[in-house]
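Chemist: Start from the sequences and build out the full structure, keeping to the hints where you can.
Just so you know, the sequences run in chain order Z and W. Quick note: my numbering has the first sequence finishing at residue 214, numbered continuously throughout. Quick note: my numbering has the second sequence finishing at residue 386, numbered continuously throughout.
Treat the hints as calculated values from the structure; they're not laboratory data. Beta carbons are placed, not taken as given, at the ideal position from N, Cα and C, and that holds for glycine. Some clues are possibly wrong.
Computed, partial: chain W to chain Z, Cβ under 10 Å [what the hints assert, rightly or not]:
| hint | residue |
| --- | --- |
| 1 | PHE256 |
| 2 | PRO280 |
| 3 | PHE282 |
| 4 | ARG297 |
| 5 | LEU372 |
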Amino acid sequence: MKTARTPVGRVLLEAALVAVVGAAFAFAANRVSPRGLVLARDYFPPGTNPPVRMAAITAPADSPTDTNPAAPSAVLRLTTPTEGLEWRLIDGDRTVQLLHDSHLRPGAIVFIDARDEEAYLAGHIPGAYGFDPYHPDKDFPAVLTVCRAAEQIVIYCYGSNCDDSQMAARLLRNVGISGQKIFVYGGGITEWTNNHQPVEIGARNSGNVNITIQ
Amino acid sequence: MTNHQPSWKRAGVNLFTVLARWLLGAAFVYLGLTKALHPVEFLKLMRQYDLTQDALLLNALSAALPWFELFCGLLLLAGVAVRGTALTLMLMLVPFTLLVWHRALLLQAAQHIPLCAVSFDCGCGNGQEFVCRKLSENLVFLGLSVWLLWGRGRQFSLRFSLMKPPSPPSGL
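Modeler: Listed below in structure tokens is the structure:
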């Protein structure tokens, strides 16, 4: 307590107090926040991609920021492991074919959007189910039911600079969905919209189909 | 020593200090809130640093940091425990600035580009940005924290010091 009488001691003590109270506030706020993290959950279970350490996004200084997300694709396509995956990758052309294949029975092809709800509602592949692998409790039962009945499941997220689709694929594999029928569309919604393919805005089967994301 | 300063100079210093406190406080409220509203995104970005393999520790860091920043920002805005908060922010800023710098160097080496051309989302709350800008911003924040630690500019503070008795302002 003697050090608390000196100016330096008082500041140190005050900083310690701020740290302790701040930490308590932070954990309490996370607990009550509807978007808070569940501390005990393993958000990256074994089998999901390791962190992509070289997710470099480089661009000239005068480039607009919103054009940069396309830049890492080339890098990430090289660094994202494709060997040893328990599912297959699929390209944009094949994804379009599957969407429009009229020979398949209804429900044979299931599209899963692995982005968060906000992004899903802004625009998704028509008929796709929303399934945020970081908040699986909400949509998982419904998605699991349709996936079990499906012959092929196409999962996508933003594009090759996100691994949420592989997270979703991992969760489906962990509950026994065969990897033989799981396809990950690496180009994701970014490539999809860049190719001027239709997107459905709002809820699934809302009927509001457009070619641009809101 | 500062008691011998002209009053206009003291007033200027005090005004600058109050503005610095509000600026730093507002910045941390904003940066903390943007992360706290998207905790999963922040978690993914924290994972990129490969700080720990322990899921609980990674979750705890990612869950607490944004709200902690928000808390510190609010303290500065209100003028509560200003010097202790400034020291806490300094202790946070130094390691995180070094981490961002380290990662930027890795990316620079991998891409063979100038350091200032490296741009990535460091999880700092501003989204993707060029690393030189981010490092400069952190240095400004560090400078402001050091200035606040000096203990001047107690105007508009609810409780500048938590420790009783509050030491008399040395510069006033």
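Chemist: State for each hint whether it applies.
Modeler: Outcome of the hint check:
1. Given the 10 Å rule on beta carbons, the hint for PHE256 (chain W) holds: about 9 Å separates it from the nearest Cβ of chain Z.
2. About 8 Å separates the beta-carbon of PRO280 (chain W) from the nearest beta-carbon of chain Z, less than 10 Å, and the hint is met.
3. At a threshold of 10 Å, the smallest CB-CB gap from PHE282 (chain W) to chain Z is about 4 Å, leaving the interface hint in force.
4. Using the Cβ-Cβ criterion of 10 Å, the hint placing ARG297 (chain W) at the interface with chain Z is satisfied: the shortest such distance is roughly 5 Å.
5. Checking LEU372 (chain W) against chain Z: minimum C-beta separation of about 14 Å lies over 10 Å; hint violated.
When each numbered hint is compared with the structure, a violation occurs for hint 5 only.
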